[in-house]
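S.K.: Hey, can you work out the whole structure from these sequences and the hints?
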Amino acid sequence: MKQDREKPLLRRGGFTFKQFFVGHDRCGMKVTTDGVILGTWTHVGSCRRILDIGTGTGLLALMLAQRSEQQVMIDAVEIDLAACQQAQENVQATPWHQRIRVFNQDIADYAEIADSRYDLIVSNPPYFPEGTDCRDESRAKARYTHILSHQNLLMYADKLLAPQGRFSVMLPCASGEQLEKLALDMGWFVVRRTWVCDVPDKLPYIVLLELSKVPLICDEQKLVTHQSGRKDYTEEFKQLAKDFYLAL
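Numbering-wise (full-length UniProt numbering), the sequence shown opens with residue 1 and increments by one.
Just so you know, these hints were derived from the structure itself, not from any lab. This one's a predicted model, so the numbers in the text were calculated from it and none came from an experiment. Worth double-checking, as some hints may not be accurate.
What the hints assert, rightly or not - List time: in silico BS3-like cross-link candidates among lysine-lysine, alpha-carbon distance up to 30 Å: (1) K181 / K213; (2) K231 / K18; (3) K18 / K238; (4) K231 / K159.
M.R.: Below you can see the structure in the form of structure tokens.
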């Protein structure tokens, strides 16, 4: 359920949305359009508990809090201390701070102590193999798959997800296809798949996957974000992001 509040002032060191500000100057991964797409695309439905694995700035947790009812509780796990602290600060400055908990933990450790299962798990996971050049350690933690392999991500999601729950994830297309193959081998089913393109005449660059342990027919779609120029958003993208982007 949305909460009415004044439009925030533009600030440096982060990204200003209609209802909240996300500081990202101490995080390895900054706020991106791709992250916003995942936050708007993910089905919230009637879930009561949500888990964000690798929350970074806290962007997804905050977007899902804005989109969900007051009784929905959200846990967010982040291994990098600086990113976790900034996510906690971002959360505390919003109307949803009592509904979101941010933990500075490895998901492997968190999976051992979690007190119940989740109706929805969401993740914007690492996707670069070890050895890819990265500017700093915090960025490496956010991007390298040796920090959290896709197989382990699927394993922990399986452990933490309620029987009827859904797991939403976003990856570059090649990495997404690899994760999907792993998921099928591990007993998951793809119930929703959306290919994302910058402009109509380009190939997709990321894929959004919704996984479940319950077999359902896959709903496959394509999302084009721009008509042509950088700010020339498609109507479909505007509908997704209109509750978040100041310009929409």
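S.K.: For each hint, tell me whether it holds in the structure or not.
M.R.: Here is what the structure says about each hint:
A hinted pair counts as satisfied when its Cα atoms are at most 30 Å apart, and K181 with K213 qualifies at roughly 14 Å. Among the hinted pairs, K231 with K18 is consistent with the structure: their alpha-carbon atoms are about 17 Å apart, no more than 30 Å. Note on K18 and K238: the hinted pairing holds, with a Cα-Cα distance of about 14 Å set against a maximum of 30 Å. Proposed proximity of K231 and K159 is contradicted: the alpha carbons are some 41 Å apart, above 30 Å.
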